[in-house]
Structures are given as structure tokens and as C-alpha cells.
Amino acid sequence: MTSSKNAMALPLKEEHAPETEDSDPKIVKFAIVKKRQEDHSLEVGLASFEDAILPHLDAAHNLARWLLRNEQDAQDVVQEAYLRAFKSFAGFHGSNGRAWLLTIVRNTSYTLLKKNRAVDLTITFDEEIHGTSDVAVSPATILERSDNAELIKEAMDELPAEFREILTLRHQEGLSYKEIADIAQIPPGTVMSRLARARGKLKECLATRIGKENR
Amino acid sequence: MNCEEAKKLMDGYLDGELDPIANQKIEEHLRECRNCDQAYKVHGSLIRAIGNGTPYYKAPAKLRERIQSSLREEIAKEPVRNVVEDFPPPFPTEQRRTIPSAIPWNWLALAAAIIFAAIITFNLMPRLQRPGSDQFLATQLIASHARSLMANHLTDVASSDQHTVKPWLDTKLDFAPPVVDLSSEGFPLIGGRLDYLDNRPVAALVYERRKHFINLFVWPASSDAATAPKTITRQGYQLLHWADSDFNYWAVSDVNANDLQTFKQQFETRTPHH
Numbered sequence: 000m001t002s003s004k005n006a007m008a009l010p011l012k013e014e015h016a017p018e019t020e021d022s023d024p025k026i027v028k029f030a031i032v033k034k035r036q037e038d039h040s041l042e043v044g045l046a047s048f049e050d051a052i053l054p055h056l057d058a059a060h061n062l063a064r065w066l067l068r069n070e071q072d073a074q075d076v077v078q079e080a081y082l083r084a085f086k087s088f089a090g091f092h093g094s095n096g097r098a099w100l101l102t103i104v105r106n107t108s109y110t111l112l113k114k115n116r117a118v119d120l121t122i123t124f125d126e127e128i129h130g131t132s133d134v135a136v137s138p139a140t141i142l143e144r145s146d147n148a149e150l151i152k153e154a155m156d157e158l159p160a161e162f163r164e165i166l167t168l169r170h171q172e173g174l175s176y177k178e179i180a181d182i183a184q185i186p187p188g189t190v191m192s193r194l195a196r197a198r199g200k201l202k203e204c205l206a207t208r209i210g211k212e213n214r
Numbered sequence: 000m001n002c003e004e005a006k007k008l009m010d011g012y013l014d015g016e017l018d019p020i021a022n023q024k025i026e027e028h029l030r031e032c033r034n035c036d037q038a039y040k041v042h043g044s045l046i047r048a049i050g051n052g053t054p055y056y057k058a059p060a061k062l063r064e065r066i067q068s069s070l071r072e073e074i075a076k077e078p079v080r081n082v083v084e085d086f087p088p089p090f091p092t093e094q095r096r097t098i099p100s101a102i103p104w105n106w107l108a109l110a111a112a113i114i115f116a117a118i119i120t121f122n123l124m125p126r127l128q129r130p131g132s133d134q135f136l137a138t139q140l141i142a143s144h145a146r147s148l149m150a151n152h153l154t155d156v157a158s159s160d161q162h163t164v165k166p167w168l169d170t171k172l173d174f175a176p177p178v179v180d181l182s183s184e185g186f187p188l189i190g191g192r193l194d195y196l197d198n199r200p201v202a203a204l205v206y207e208r209r210k211h212f213i214n215l216f217v218w219p220a221s222s223d224a225a226t227a228p229k230t231i232t233r234q235g236y237q238l239l240h241w242a243d244s245d246f247n248y249w250a251v252s253d254v255n256a257n258d259l260q261t262f263k264q265q266f267e268t269r270t271p272h273h
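Heads up: the protein sequence lines correspond to chains A and B, in order.
In terms of numbering that gives the first Met the number 0, the numbers along the first sequence are unbroken and rise by one, the last being 214.
In terms of numbering that gives the first Met the number 0, the numbers along the second sequence are unbroken and rise by one, the last being 273.
Looking at chain A on its own, in the form it has when it is part of the complex (with noise of 0.2 Å):
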């Protein structure tokens, strides 16, 4: 932005400085006009930002309302996430919008958990606790029960964040494995292990819950 500036920085002698220069209306007005060229320039880059990247709102509020299980933090992540990716959208050349916005709403919603809720990232916090609930509860009713959607949504606020998360991306997105591992940075040939823990995990507490209601 500065080239131009740097174009007409001339070493100035005081001595001979026109101390009229900055009144002069066609050097003000020149100046206007460079300035709204530079807004019409931004505009220009708002628009094709949101063409690119407003389209993965749903997107982006589902993994914060997941992640942050706060309807009001979800909406401030997201918010704070597209500014951030706004003010990066200049080194963003890939053709992967909703990636990238993910792995910002994602990185995001980490921050604020850090902050509050730092118990909520430690994984192994409830194997223990719920691994042990054998509940003599079958396949086949779990399936049954499988649409309920407030069951389901009680059975995934259980589990840590890293879950959450790749259930998330996976079951509701529909994201490659390639996508999941640059979105929630871990290696590629983990992301196949600890899916099938979440599942497994998400498993065990629907059954410990539709249990529970039977007993």
C-alpha cells in the first residue's frame, strides 16, 4: 500500500518547502479521490470475501454451537472468526472456503474454551467414568431411538471437544478425512482412530441414557 507513497517521498528541504501545499483544493481533492478509490477497492474486497465465505455460515455457527455448547459464545466465535478471516482473506488462495472458515471458527472456539472451561479439553476425563457403565442396552434400540433429536443432542454435549468436533465435521459436513485432520490439526492417520473412539464414546452414552430412562 505504501509504493505510491514511497513514489513520491521526495527528500524535502524546508528551506524550500511550499507552505502552501497542503491548501491547495486540487491537491486535497486528488487526495479524496485516492481515498475513495481505496474504499471502492475494499468494497470490491468485502464483496467477493462474503461471496466466498458467507455462504458457510450454517457451517461455521453448527461447529461453534457444538464446540462451545453456548448459543450466545457461538455467535460471538463466529463473529470474532469472520473478522479474523476477513482480515486474512488476502493470503487465502485456496478453492476450499469452508475449510478454511472452519479451521478459523475451530481455532477460535479453543481460544474462548481455553479461557473458561479448560476441563473441558481434557479427553480422558469421562472414559473412565462412562466406560464402565455396561448397560445391557442393544444395538437395535439405540437405533430405534436414533431419532431423537434432544437424546442425541444430550449424548454429544458429553463428550470432550475433540468429539464433538469430528462428529461434527464429519457427520454433519460430511468432510474428507484430509479436511478433518488440516481442520483440527492432528496428523491425517489419526483422524480414523479417534473418529472411531467419538463413535464408539457416543455409543456408550446413548445407551447409558436410554438406561437410565428404562430403569
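Just so you know, not all the hints are guaranteed correct.
Pair by pair, the computed Cβ-Cβ distance ranges are [claimed, not checked]: (1) B/LYS7 with A/GLN184: 38 to 46 Å; (2) A/PRO54 with B/ARG30: 41 to 49 Å; (3) A/SER47 with B/ALA60: 50 to 58 Å; (4) B/ALA60 with A/SER192: 20 to 28 Å; (5) B/LYS61 with A/ASN147: 23 to 31 Å; (6) B/ALA256 with A/SER47: 30 to 38 Å; (7) A/LYS211 with B/GLN23: 58 to 66 Å; (8) A/GLU49 with B/SER244: 40 to 48 Å; (9) A/ASN106 with B/PRO59: 19 to 27 Å.
Calculated directly from the structure, the hints in this document are not laboratory data.
All C-beta atoms, glycine included, are put in the ideal place defined by N, C-alpha and C.
Fit chain B to the supplied structure of chain A, relying on the hints for placement.
Structure of chain B alone, referenced to chain A:
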């Protein structure tokens, strides 16, 4: 492949993310092992059902509005460039260097087409009908004059000898400007310089008048150029324009208007008439 290995790869197989070899191996195992095949089918249908049953939190409409207005606020926050810092450019094309890289090329192409059309239109208009074309040139002239004093670049060839300055300029330009020393009239020749004005290289002759400098810009006259002398006063600078059958002259200085008129008369008197 044994059951243990098949269990590990089951989710990858379900998601269609295995490499072809692993895919083939697990398919072979599932054909042979009833237990694993059953477990895979149950797992698959359950995972699909849970996935479908998971509530999807669509963004509320007001969040979209919030984001769009916050993006516009962000743009508005861009600092206004300091007007005083910006020296007027020698050519209008300079300002187009500052296009951010975020703009897609199709927009650039559109912008280029518009600018191109504007340039064509502007150039097709007869010179004298251009509103403010003198004003624009005056801005360029003052900028050129001021810059010649600022940048320690008053002259390319410093000589009070017109027979040194003239041949030097003749070799650098595609025209031969008249050069006269007016020392005896109180306007000693300081030297000559190449400049660029009105979209062409021009000769700048530098004269001195009681510690003040006069830049006399000279370039060939176009056939339809106005010959009536013109004076413009701007920012404390005097601009005086005249033309003869061969050349356009623009004298720019901070000397008073009378001195500049005298300068013009002396210059014309001493220039060989064609």
C-alpha cells in the same frame, strides 16, 4: 486380515477413506467372517442414524446481519491517509499502483476496461474543450517545479552557457528547444533539465531571479494549441503560458507576476523568430 485388524479399519471402510488395498482386504474379511460382517452392518446403520438425528444448528438471520455490519465497520476503520503527506503525482497513473492483491482479476479487468474507456474518451476530446485541462497541467507544472527545488535535482546540466545547455538538451530530446542566457536582463541561465509533463518528455530551462528560480518548461506546440498568453496564480506560484509557432512555453516561479512578464518578454525578444 484377522478380526482385530478389521475392527480397527471398520470406520475408515464405512467412510470410504481406506486405500484400495486395505479396502479390498477388509471386504474379503467381511465376506468370510459373519461376526465382523454383522458388527459392521449394525455399526454402519447406527452411525448413519445418529448422524442424521444430530440437530444441525443453522445460523440465525440476525447473526448474518451482525457479521455483515461488523465487516463494514471494519472497513470504515481503515485509517484515512494523511492528505499533507501525499504529494501530487507527476502522472495520474501513479495512483493505480495501490490495488490490494485480494481483488479478483475479473474485477481488475473491469476496472481496466473502464479506465481505458475513460482515457480514450479524454484523448478524443479536442484539447481546448477539456474542462480544466490547463488546471490539471498547472498542478503538474507546480509539482514539477516544487520537486526540482526539493529534490536537489534542479539541473541535469548546470551551465550558464546556452551553447552547453542547448546541445545537451538536443541530444536527449526529439526536439531542439530554444535556449538563451538572459544574464544581462537579470535572469541568468542556471542550467537545463529533462522533465516529463503532459505525457511527454519536455525541456526544463532553469533561470535565476534574485535568489528565486524560474522553471521554463518547453515542448513542441501542437497545431491547435492556443497562442494567447495565459497567467495562473496558484499556491503562491506564478504560472505564465505562451506559445509560438513551434513551442509551448510554461514559466513557473515564485517571483512576482511582473518579473515573470518581463522574463517572458526578454525571452521572446532574444529567441530567434521563425
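Discussion item. Let me make sure I understand: some of the numbered hints might not hold for this structure. Which ones are they, in numerical order?
Written reply: 1, 3, 4, 6, 7 and 8
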